[in-house]
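Letter by letter, the chains look like this.
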Amino acid sequence: MTNNTDRRGSLGLLARSPATLLAERMARVGELPSFTWLRKPETGMVMLRGRIGGDGARFNLGEATMTRCTLRLADGSVGVGTVRGRNARHAEMIALCDAMLQQPARAATIRMEVMNVLAQAEQERHARASADTAGSRVDFYTLVRGED
Amino acid sequence: MSIHQELDLAHMQAAFAAPVRDAQTCFRALLEGLARPGRIQRLADIPVPPAGLGAAQSAILLALADRDTPVWLPPVVRSAAAGAYLRFYCGCPLATRLADATFVVVSTLAGLPALYDLSLGDPEFPDRSATLLVEVASFDSGASLRLRGPGIADEAELRVADWSESATALVQENRRRVPLGVDIVLTCGDRLVGLPRTVHLTAEGMACM
Amino acid sequence: MYVAVKGGERAIAQSHVLLADARRGDAAVPELSIAQIRGQMRLAVARVMSEGALYDEDLAALAIKQAAGDLIEAIFLLRAYRTTLPRLADSEPIDTSRMRLSRRISAAFKDLPGGQILGPTYDYTQRLLDFSLMDESAEIGTADSGPSPNPVETTVAPRVTDLLDRQGLLESEACPAGDPPPPDLTREPLLFPVDRTARLQNLARGDEGFLLALGYSTQRGYSTTHPFAGEIRFGTVPVEVFVEELGFAVEIGEVELTECQLITGFEGGSEEAPRFTRGYGLSFGHSERKAMAMALVDRALRARELGEDTEQPANNEEFMLSHSDNVEASGFVQHLKLPHYVDFQTNLELLRRLREEWEANHGNTAAPAEPPAVPATMEAA
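Protein chains in written order, with this note's numbering: chain A, 70 to 217; chain B, 5 to 213; chain C, 36 to 416.
No wet-lab data here; the hints were simulated from the structure. Model, not experiment: these values are computed from the prediction. Backbone N, C-alpha and C fix where the C-beta goes; we use that ideal spot for every residue, glycine too. Check each hint, because a few of them may be wrong.
Claimed, not checked - Computed cross-link-like contacts, SDA-like style, restricted to lysine to any residue with a CA-CA straight-line distance of at most 25 angstroms:
#1 Lys109(A) with Ala21(B)
#2 Lys109(A) with Gly99(A)
#3 Lys109(A) with Glu279(C)
#4 Lys41(C) with His375(C)
#5 Lys145(C) with Gly204(A)
#6 Lys100(C) with Arg133(C)
#7 Lys109(A) with Gly282(C)
#8 Lys109(A) with Arg122(C)
#9 Lys145(C) with Val207(A)
#10 Lys109(A) with Gly60(C)
Said to hold, decoys possible - Which chain A residues face chain C? A few, computed with CB under 10 angstroms, are given here:
#11 Ala126
#12 Ser146
#13 Ser199
With the hints as constraints, model all of the structure from the sequences given.
Written out as structure tokens, the structure is:
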């Protein structure tokens, strides 16, 4: 069992990554284990909360769609998939990766073939976006008003 | 209200096979039971309940409980598999005070709580009250109860093992508070009987309990 | 009084056919895809998500397509759809200081740590119609960042208000003791007076036009505040949800949000030194006008709390919050189209009686002898 910080980080990366990329990477993992559903993928809503002023009292901003599922592999490893939106297949792939990451025999492959690639792709997406955005950074300067 | 503790899912029992269909079937039976007080309804094809809950109790909670409905469980049941089972499948908070609970699970008639410890609704919203799910030993023996009221043509008869005078008193006091009050569902394995707040109940043969 | 009217099934079915035809328009023109609406009408999608109170770009795009671009109808469609979904969780509070910024400006502070980032904005366009967009084959150049001045460019920056806050010049939004869960207007009715947290939920889903007009009224003098745009930021933030079976919170993805921090003066009093106060706006997607109007109205609704005059419309909590929702407003206005035949008949008869009385009292010299010209079919309804 990985520790919670690792698991948390992996689940976040899996959820933030595009479902198409995740599917592509999982196709390279080889045969996926069979599993039983503890909770089949279900779509519902999560109430998004903000804070007044960014750091004050909590308030309800509005909801977002989300999909979740839970599955169990033959050896008892449990995988949880929770993702914003309505993509049941995405939630299932997250749960499968989550469960396999807890299996000593499979974890290394998943890290190499899936997690590392997703992390790299995310980094590149962010770098590209940041570079584009930073091009519009501006220094305003104030002209002295000719009042005297 | 959630307990910040990982659930043991490696040993989690299965719940409804087809959640939507099974919940609807269960809801229909419960509706029928509360609409026709005293008439026994049987829930077909329901999952094996977790330890501490009756099969019908568990199925009713799977169908009705969610994150907006705190469920009160007797302490021994709460700490056993049933607590984790309900948290996982229903996402319901487990109430620590009876008064906070929308559903109150009672394992034996002897464990019936006092009426005024329960949420009876308020005059503007009488529906914001608790529903009691009370497991009984048998519907085939024990005291004979006579029921009258809405949903009953003339009079219905029901037998409940281990029925007590205090149970009669609770149902009668509950009737006097209408439109406030709790709705009671007696369960026995996969069967249920509704005793809504509108039911008039008189007990006979208390001597044989 | 409501009386059921039956009939018209065939006409209604045909109306649906006509509606579908009208929505589709010229069949020789390719049909809009959801991906096109989502990608090329992102600001409409943002508005529908904000006021539909449901963050889902594809569903918002679908609603816009189905509503033929009528955004208030699209908002209604999204609100109706959300009622079919179960609520699975409440998110952990979103931390906007973790936002990966696409845009961030301040009209109050020139030199911000992290800098001013214009991002995609209409602010510096000249509002001249761009006829090159009429030519659909024309390729639009992608943003050219050129060689980045800093290879490890980061676009995360602290909120301006947090910086000012530290100097004690700005009121702080202290988190209340115990960090209580906020009221939820989707579960509990609006009962006055309302907590600021419930007000913000109402404003977040409120109509942009309504908030814009009433926010504008405060600037024109129908209130006493003079606001500065302390910071406006738009970008991407992670959403975290506590997962019961794990026992901890995980990120489930990201959302785009627009945040507006307005800063306004406050005179202080015998107990308090003068300081700046704040109005807050937060909305889905890129929606600056909405977030700014929300912040203006939020500040105006704090008048009572801050001991200011409360005579103007934008200071009136009950007036503002009861009329901000365009689904409710649209429903009540548009229900006038439904049959009111019996009500109208009653009014008609009352009017006739009053006229008879009036004529009896004033002599019938000037009154026409013939009955009022109402078609017989209307009377029969």
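Results of checking the hints against the structure:
1. Lys109(A) with Ala21(B): 10 angstroms, holds
2. Lys109(A) with Gly99(A): 23 angstroms, holds
3. Lys109(A) with Glu279(C): Given that 25 angstroms is the threshold and the Cα spacing comes to 16 angstroms, the pair holds.
4. Lys41(C) with His375(C): Holds, because 13 angstroms separates the two Cα atoms, which is no more than 25 angstroms.
5. Lys145(C) with Gly204(A): 18 angstroms, holds
6. Lys100(C) with Arg133(C): Given pair Lys100(C), Arg133(C) is violated - Cα atoms ~33 angstroms apart, limit 25 angstroms.
7. Lys109(A) with Gly282(C): 20 angstroms, holds
8. Lys109(A) with Arg122(C): 16 angstroms, holds
9. Lys145(C) with Val207(A): Within the cut-off at roughly 10 angstroms; holds.
10. Lys109(A) with Gly60(C): Answer violated: Lys109(A) to Gly60(C) is near 41 angstroms, above 25 angstroms.
11. Ala126: Hint holds; Ala126(A) Cβ to chain C Cβ min 5 angstroms, cut 10 angstroms.
12. Ser146: Nearest chain C Cβ about 13 angstroms off; hint violated.
13. Ser199: Where the cut-off is 10 angstroms and the nearest Cβ of chain C is about 4 angstroms from Ser199(A), the hint holds.
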